Amino acid sequence: MNQPFKGKLSLVTGGGRGIGKAIALKLASQGSDVIINFFRHRDTAEKTAKEIQDIGVKAKIIRANVGDPAKIDEMFDVISNDFGYLDILISNAASGVGRPVLDVDVKAWDWTMDINARALLLCAQRAARLMEGRSGKIVSISSLGSFLVWPTYAAVGVSKAALEALTRYLAIELAPKGICVNAIAASAVLTDALKFYIKGQEAAHQQATPAGRMVTPEDIANVVFFLCSEDAFMIRGQTIIIDGGASVMAPFVSTPGGVNQ
Amino acid sequence: MSIEEQIKDIVAEIVRVDKGIIRREGTFKDINADSLDVVQVLLRTEETFDIEIPDEDAEQFQNFGDFVDYVEHHVAEKEKA
Chain A
1 MNQPFKGKLS LVTGGGRGIG KAIALKLASQ GSDVIINFFR HRDTAEKTAK
51 EIQDIGVKAK IIRANVGDPA KIDEMFDVIS NDFGYLDILI SNAASGVGRP
101 VLDVDVKAWD WTMDINARAL LLCAQRAARL MEGRSGKIVS ISSLGSFLVW
151 PTYAAVGVSK AALEALTRYL AIELAPKGIC VNAIAASAVL TDALKFYIKG
201 QEAAHQQATP AGRMVTPEDI ANVVFFLCSE DAFMIRGQTI IIDGGASVMA
251 PFVSTPGGVN Q
Chain B
262 MSIEEQIKDI VAEIVRVDKG IIRREGTFKD INADSLDVVQ VLLRTEETFD
312 IEIPDEDAEQ FQNFGDFVDY VEHHVAEKEK A
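Chains as they are written, first to last, in my numbering: chain A, 1 to 261; chain B, 262 to 342.
Simulated from the structure, these hints should not be mistaken for lab results.
The model shown is predicted, which means the values in this text are computed figures rather than measured ones.
Backbone N, C-alpha and C fix where the C-beta goes; we use that ideal spot for every residue, glycine too.
Please note: incorrect hints may appear among the correct ones.
With the Cβ distance kept under 7 Å, some of the chain A side facing chain B (calculated, not the full set) [as the list claims (entries may be wrong)]: (1) R40; (2) H41; (3) R42; (4) D43; (5) V97; (6) A108; (7) W111.
Assemble the whole structure, with the sequences as input and the hints as a guide.
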C-alpha cells in the first residue's frame, strides 16, 4: 500500500472523536504516526488510538486543555522528549459558549478565544521548533461561522475569524522555515453531536446544500490530507471552504437540489 | 478543611453563589450554574486534588453529594497508590 506519510509524526488536537478522529485516522492510513490530544473524553481517545494502532502505525494519547498555556507546554514537552520532532500539526480542538452576542460575558469570551484561537498560536510556536528541516505542515480547523452569522455563534464565530487571520500570519512568517500553514472552514459537519441537534431536519439541511448531502468528517479529513501533502506546497495561508457549495448560493434561489433559504 | 468544604469553596467562587446554598442533595441547575461554570468547576477540582474527572464520569453525577463522593473516592485511591 502506498503510504506517503510513512515516518512522519502528526499531532491532532481534539483528535479523539468527531472531525479530529476522522483526520487522525486518515493521516494514520497514509502511514503517519499520530499523537491524539484529548481533554474531557479519555475513553474515546483510547479507542481512537487503538484504531490507529490497528492500522499499523504508532499512536499516543496526551491529555491537555489547549486553552491553558501551561498544559500546551507540558504536551509539547512530552512530544519533545518522546519523539524530538513533529511533521504535521492539526489544530482542531474547539469549544465554545453558545449565547446571543449581548449575553457573551468576559468568561465565555475568554474561554472560547483561548481554546479556539490562542491555542493555535501557542501550539504553532512550539511545533515550529520541532518541524525544523522537516517540511512541516500546519492545518487549523475553522468554520463558516467566521464570516456567516449563525444564531448564538458569536463568540465561536469571532474566535474562528481570529484563527483564520492567525493562519495567514503563520503562513507567511513560517514560510522561510519550510512550513506550510492553511485552514479549513466547513459548514455544519455531520458528527454525532450535530445529528442530535438537527434531528428531523436532515432533509432541509441536505436541500440547502447544492452537493446534495451534508459535510462529513471524512470530507474534512480528505482535504487535510491534501493540504499536508507536497501536492499542496504552493497553497499558503488559505482557508479552504468545504460546504458542498452552500455558502456561494444566493438566498431564495431554486436549484435541482432544492431551495436555499 | 474537608474535601467537601473545599469543593463547596470552588463551586461558590466559580458560580458566584453563597457557599451556604450548596447542599449535597442539590444540583448545578439549582444554583443557576451554566455549562461553562460546570466545566470550570470540574477543571479547578481536578487541579486542586490532582485527579482526572472524565466527562463520562461527570455525566453520572445526580447531585453534589455524588460529586463529592467521587472526588473523595479518587483522592483516597490516589493516596493508596
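Going through the hints against the structure:
{"no.": "1", "hint": "R40", "result": "4 Å, holds"}
{"no.": "2", "hint": "H41", "result": "6 Å, holds"}
{"no.": "3", "hint": "R42", "result": "5 Å, holds"}
{"no.": "4", "hint": "D43", "result": "6 Å, holds"}
{"no.": "5", "hint": "V97", "result": "5 Å, holds"}
{"no.": "6", "hint": "A108", "result": "6 Å, holds"}
{"no.": "7", "hint": "W111", "result": "6 Å, holds"}
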